[in-house]
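Protein chains in written order, with the working numbering: chain A, 20 to 174; chain V, 784 to 907; chain P, 10 to 131.
In short, the hints are calculated from the structure, not lab data. Glycine is no exception: its CB is placed at the ideal position from the N, C-alpha and C atoms. Among these hints, one or two may not hold up.
Quick list of simulated restraints, FRET-style, between CB atoms [stated by the list, open to error]:
# : chain 1 : residue 1 : chain 2 : residue 2 : range
1 : V       : T845      : P       : P128      : 48 to 56 Å
2 : V       : D865      : A       : S35       : 41 to 49 Å
3 : V       : K898      : A       : E130      : 22 to 30 Å
4 : V       : K868      : A       : K162      : 37 to 45 Å
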Amino acid sequence: MNPAVNKSEDTLNKYSFNIEGGNFNDAGTVSTRIKSILKQKGLPNDVVRKSAIVCYEAEINIVSYARKGTVNLTITAETVEIEVIDEGPGIPDIEQAMEQGYSTANQQIREMGFGAGMGLHNINSYSDKFDITSEVNKGTFLKMIINNPQSTKDL
Amino acid sequence: MKLREVKEILDADVIVGKDKLDIEVSTAFGADLMSDVLAFAKAGSLLLTGLTNAQVVQTAATRHIAAIILVRGKEPSTEAIDMAKELQIPILATKYILFETAGILYSKGIVGCLKKVGNDSFHK
Amino acid sequence: MKLSEIKEILNADVIVGEDKLDIEVKTAFGADLMSDVLAFAKAGSLLLTGLTNTQVVRIANVLDIAAIILVRGKKPPVETISMARNLQIPILTTKYILFETAGRLYSKGIVGCLEKVEPGSE
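Based on the sequences and whatever the hints tell you, model everything.
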């Protein structure tokens, strides 16, 4: 434990990352960062894994469809909260988009191994709580909460 | 091996083709990339895949695949089911992951529709 | 089983990780769909895939995959190789198709990193 870290300072456990639409080279780098932050903080492997998975899928969605996006990570003693906000085409029918196998991905995305209509489904199944709202021609907002069953007190 | 045995071994559900379980198969190909299926899958083989859209059925028809085995607990889309019925291509669904599905079939004598990809493996 | 034995069984080339052939592996996952890899592949497993782009390496890193086995004679592009070097993730390439690769490893005792996908198996 680093004594210089003021644990009561809430901002210490908040992080924000920007993602550029269309940049497949960088897709996954935020997930990689989040994984190492959570690991460093000693969160349980399962919490780290779930957080990395949902973030990865959200990143791929931004890179595939949106102009740009932001990922906000908030770590508390009980949860990992990941908010993903993008500016892009939005999702006209969320229910349909959540269906396994439904995808509007183009051939390029599919040949990279994405776009098989599993992304939002994965996000939903790996989050303990998942909210999604979207506005056509504006963008999409995702909020994923992963519970930390061990409730890490010393972050 | 009959498709019926494949169904038993994989504890699979027959989604399309209940009347075709007497088909004989001896080879298989597993992939989720349709371009690779087009390039390498051989006529009369099983196609093991995690893709569930109608394109899989179309590709299977093009390559004269004997039957599609959906792995990892995937369920085919309604478009895929309709197309499979129309093109008379059986679809079976198993909960086993692709690695296990391949391993189990291999241990029962099913082999790859080609072993290795070399310079002469392409159809073109 | 050591990675060096896997190399022998699959007649594979070691593209990255000559110094890591003593790693022990027991399980594997095979897919060309990144979302399925993310959803189901487990830490310490082999990842068998026909995908060669850098995403494969990044996902392998996020999931703590032991080694990537590229099947169907696929060759990784230079960016993939250099990323794997940086992240110290071994890449082996084999000419065997995925079905044969899985079959051969399975018959030597490697098992799936999970057996079946059941509802809620994540």
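Verification of the hints:
no.	hint	in the structure
1	T845(V) to P128(P): 48 to 56 Å	violated (33 Å)
2	D865(V) to S35(A): 41 to 49 Å	holds (46 Å)
3	K898(V) to E130(A): 22 to 30 Å	holds (25 Å)
4	K868(V) to K162(A): 37 to 45 Å	holds (41 Å)
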